[in-house]
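Asks: Residue strings, one per chain:
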Amino acid sequence: EDKVVQSPLSLVVHEGDTVTLNCSYEVTNFRSLLWYKQEKKAPTFLFMLTSSGIEKKSGRLSSILDKKELFSILNITATQTGDSAVYLCAVVVNAGNNRKLIWGLGTSLAVNP
Amino acid sequence: EAQVTQNPRYLITVTGKKLTVTCSQNMNHEYMSWYRQDPGLGLRQIYYSMNVEVTDKGDVPEGYKVSRKEKRNFPLILESPSPNQTSLYFCASSLSRTSSEQYFGPGTRLTVT
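One line per chain: the protein sequences are A and B, in this order. The numbering used here puts the first residue of the first sequence at 1, with every later residue one more than the last. The numbering used here puts the first residue of the second sequence at 1, with every later residue one more than the last.
Don't take every hint at face value.
As the list claims (entries may be wrong) - Simulated pairs of lysine-lysine, DSBU-like, Cα-Cα distance not exceeding 30 Å:
{"no.": "1", "chain 1": "A", "residue 1": "K100", "chain 2": "B", "residue 2": "K18"}
{"no.": "2", "chain 1": "A", "residue 1": "K40", "chain 2": "B", "residue 2": "K71"}
{"no.": "3", "chain 1": "A", "residue 1": "K3", "chain 2": "B", "residue 2": "K57"}
{"no.": "4", "chain 1": "A", "residue 1": "K41", "chain 2": "B", "residue 2": "K17"}
{"no.": "5", "chain 1": "B", "residue 1": "K65", "chain 2": "A", "residue 2": "K40"}
{"no.": "6", "chain 1": "A", "residue 1": "K100", "chain 2": "B", "residue 2": "K57"}
{"no.": "7", "chain 1": "A", "residue 1": "K100", "chain 2": "A", "residue 2": "K37"}
{"no.": "8", "chain 1": "B", "residue 1": "K69", "chain 2": "A", "residue 2": "K100"}
{"no.": "9", "chain 1": "A", "residue 1": "K100", "chain 2": "B", "residue 2": "K65"}
{"no.": "10", "chain 1": "B", "residue 1": "K71", "chain 2": "A", "residue 2": "K100"}
{"no.": "11", "chain 1": "B", "residue 1": "K18", "chain 2": "A", "residue 2": "K3"}
{"no.": "12", "chain 1": "A", "residue 1": "K37", "chain 2": "B", "residue 2": "K57"}
{"no.": "13", "chain 1": "A", "residue 1": "K40", "chain 2": "A", "residue 2": "K100"}
{"no.": "14", "chain 1": "B", "residue 1": "K65", "chain 2": "A", "residue 2": "K37"}
{"no.": "15", "chain 1": "A", "residue 1": "K41", "chain 2": "B", "residue 2": "K69"}
{"no.": "16", "chain 1": "B", "residue 1": "K65", "chain 2": "A", "residue 2": "K41"}
{"no.": "17", "chain 1": "B", "residue 1": "K57", "chain 2": "A", "residue 2": "K41"}
{"no.": "18", "chain 1": "B", "residue 1": "K18", "chain 2": "A", "residue 2": "K40"}
{"no.": "19", "chain 1": "A", "residue 1": "K37", "chain 2": "B", "residue 2": "K71"}
{"no.": "20", "chain 1": "B", "residue 1": "K17", "chain 2": "A", "residue 2": "K40"}
{"no.": "21", "chain 1": "A", "residue 1": "K3", "chain 2": "B", "residue 2": "K17"}
{"no.": "22", "chain 1": "A", "residue 1": "K41", "chain 2": "B", "residue 2": "K18"}
{"no.": "23", "chain 1": "B", "residue 1": "K71", "chain 2": "A", "residue 2": "K41"}
As the list claims (entries may be wrong) - Label pairs and their computed distance ranges (CB to CB):
{"no.": "24", "chain 1": "B", "residue 1": "P83", "chain 2": "A", "residue 2": "P113", "range": "37 to 43 Å"}
{"no.": "25", "chain 1": "A", "residue 1": "K3", "chain 2": "B", "residue 2": "S96", "range": "23 to 29 Å"}
{"no.": "26", "chain 1": "B", "residue 1": "L41", "chain 2": "A", "residue 2": "S52", "range": "27 to 33 Å"}
{"no.": "27", "chain 1": "B", "residue 1": "S82", "chain 2": "A", "residue 2": "H14", "range": "42 to 48 Å"}
{"no.": "28", "chain 1": "A", "residue 1": "K3", "chain 2": "B", "residue 2": "P39", "range": "17 to 23 Å"}
{"no.": "29", "chain 1": "A", "residue 1": "K41", "chain 2": "B", "residue 2": "N84", "range": "21 to 27 Å"}
{"no.": "30", "chain 1": "B", "residue 1": "K57", "chain 2": "A", "residue 2": "P113", "range": "43 to 49 Å"}
{"no.": "31", "chain 1": "B", "residue 1": "T13", "chain 2": "A", "residue 2": "E69", "range": "45 to 51 Å"}
{"no.": "32", "chain 1": "B", "residue 1": "N28", "chain 2": "A", "residue 2": "L9", "range": "34 to 40 Å"}
{"no.": "33", "chain 1": "A", "residue 1": "K41", "chain 2": "B", "residue 2": "K57", "range": "25 to 31 Å"}
{"no.": "34", "chain 1": "B", "residue 1": "T86", "chain 2": "A", "residue 2": "K3", "range": "21 to 27 Å"}
{"no.": "35", "chain 1": "B", "residue 1": "P83", "chain 2": "A", "residue 2": "K68", "range": "43 to 49 Å"}
For the record, the hints were derived by calculation from the structure and aren't laboratory data. Beta carbons: idealized from backbone N, C-alpha and C, even for Gly.
Based on the sequences and whatever the hints tell you, model everything.
Replies: In structure tokens:
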């Protein structure tokens with residue numbers, strides 16, 4: 001059965017800290033891996049990763065994929081209170097004529113001032 | 001502004017009273033889907049639609065119906081809601097069935113008593 005596991009489940013840090021969120025997966029027919037940020041509303045897209053070793057970067061956020069070890073990390077440097085959210089990882093798999101998203105349960109990040 | 005809208009945003013109803021949650025997108029996306037999000041279970045797909053008049057079951061379709069008569073609209077119908085359908089519901093859309101990035105609506109919090 002396809003599965004995506006995120007760790008830690010929750011994390012509390014102080015402003016300015018650097019955090020690393022993990023997403024490991026066991027799936028068949030891997031297509032890509034996605035990171036989303038969910039504040040108290042709908043998930044918003046952060047990154048899509050398809051190739052190993054190529055870092056995606058957006059401001060203080062960056063992410064990388066390792067397709068050999070089957071995991072991805074999301075790094076946030078110099079955290080701010082606005083980074084407080086649930087970070088969701090999803091793996092896209094090919095499913096016949098379609099593609100399917102396998103979602104992790106998320107990492108809840110709280111950044112304290 | 002490109003967006004996915006859902007209505008209503010909050011709904012409290014009683015067991016057995018039919019309801020419809022509307023979803024509309026203005027991005028001319030082909031692919032639309034419905035998710036429910038529950039604590040400890042994450043996001044689970046209910047139904048999806050690859051285009052007009054093409055719909056299919058996701059992982060948890062029981063108790064739900066959908067239709068896709070127009071490209072922009074994808075309503076979710078609960079013919080006879082039960083308390084186990086109390087959840088947070090998200091509609092999402094993407095450009096095509098092969099696109100990985102999805103755009104989420106703001107969510108509908110449904111309580112069935």
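Asks: Now look at each hint and say whether the structure bears it out.
Replies: Cross-check of the supplied hints:
For the proposed pair K100(A) and K18(B), the alpha carbon gap of about 29 Å is at most 30 Å, so the pair holds. Between K40(A) and K71(B) the alpha-carbon distance is near 28 Å, which keeps this suggested pair within the 30 Å criterion. Among the hinted pairs, K3(A) with K57(B) is consistent with the structure: their alpha-carbon atoms are about 19 Å apart, no more than 30 Å. Using a Cα cut-off of 30 Å, the hinted pair K41(A) and K17(B) holds, with the two alpha carbons roughly 26 Å apart.
Distance restraint check for K65(B) and K40(A): the Cα-Cα separation of roughly 27 Å lies within the 30 Å cut-off, and the hinted pair is therefore satisfied. Between K100(A) and K57(B) the alpha-carbon distance is near 11 Å, which keeps this suggested pair within the 30 Å criterion. At roughly 19 Å between alpha-carbon atoms, K100(A) and K37(A) fall within 30 Å of each other, so this suggested pair holds. The straight-line distance between the Cα atoms of K69(B) and K100(A) is roughly 23 Å, inside the 30 Å bound, and the hint therefore holds.
In summary, the hint linking K100(A) to K65(B) is supported, as the alpha carbons are separated by about 19 Å, within the 30 Å threshold. Taking the CA atoms of K71(B) and K100(A), the gap is about 20 Å. The hint holds against a cut of 30 Å. With a C-alpha separation of about 34 Å, the suggested pair K18(B) and K3(A) falls outside the 30 Å cut-off, and the hint is violated. Taken as a hint, the K37(A) and K57(B) pair is honoured in the structure, with Cα atoms around 26 Å apart against an allowance of 30 Å.
Proposed proximity of K40(A) and K100(A) is supported: the alpha carbons are some 25 Å apart, at most 30 Å. Taking the CA atoms of K65(B) and K37(A), the gap is about 29 Å. The hint holds against a cut of 30 Å. With a C-alpha separation of about 28 Å, the suggested pairing of K41(A) with K69(B) holds against the 30 Å cut-off. The straight-line distance between the Cα atoms of K65(B) and K41(A) is roughly 24 Å, inside the 30 Å bound, and the hint therefore holds.
For the hint pairing K57(B) with K41(A), the CA-to-CA distance comes to about 25 Å; that is within 30 Å, so the pair holds. Between the alpha carbons of K18(B) and K40(A) the distance comes to roughly 27 Å, so the proposed pair stays at or under 30 Å and holds. About 27 Å separates the Cα atoms of K37(A) and K71(B), which keeps this hinted pair within 30 Å; it holds. Of the pairs offered as hints, the one joining K17(B) and K40(A) holds, with about 28 Å between alpha carbons and a cut-off of 30 Å not exceeded.
Under the criterion of a C-alpha separation no larger than 30 Å, the hint pairing K3(A) with K17(B) is inconsistent with the structure, at around 35 Å. The straight-line distance between the Cα atoms of K41(A) and K18(B) is roughly 25 Å, inside the 30 Å bound, and the hint therefore holds. Our distance criterion of 30 Å between C-alpha atoms is met by K71(B) and K41(A), whose separation comes to about 24 Å. For P83(B) paired with P113(A), a C-beta distance near 40 Å keeps the hint of 37 to 43 Å intact.
For K3(A) and S96(B), the Cβ-Cβ distance of about 26 Å falls inside the hinted range of 23 to 29 Å, so the restraint holds. Taking 27 to 33 Å as the suggested C-beta distance range, the pair L41(B) and S52(A) conforms, at roughly 30 Å. For the pair S82(B) and H14(A), the beta carbons lie near 44 Å from each other, so the given range of 42 to 48 Å is met. Distance hint check for K3(A) and P39(B): the Cβ-Cβ separation is about 18 Å, which falls inside the suggested range of 17 to 23 Å.
Between K41(A) and N84(B) the CB atoms are about 24 Å apart, so this pair conforms to the stated range of 21 to 27 Å. Checking the proposed 43 to 49 Å range against K57(B) and P113(A) shows it holds: the Cβ atoms sit about 46 Å from each other. Range check, T13(B) to E69(A): Cβ separation about 47 Å, and the 45 to 51 Å hint holds. Distance hint for N28(B) and L9(A): a CB-CB separation of about 38 Å, consistent with the stated range 34 to 40 Å.
Evaluation of the 25 to 31 Å hint for K41(A) and K57(B) yields a pass: the beta carbon distance comes to about 27 Å. The hinted range of 21 to 27 Å is satisfied by T86(B) and K3(A), whose Cβ atoms lie roughly 25 Å apart. One distance hint, 43 to 49 Å for the beta-carbon pair P83(B) and K68(A), holds here, with the actual separation near 45 Å.
Violated hints, in rising order: 11, 21; the structure is consistent with all others.
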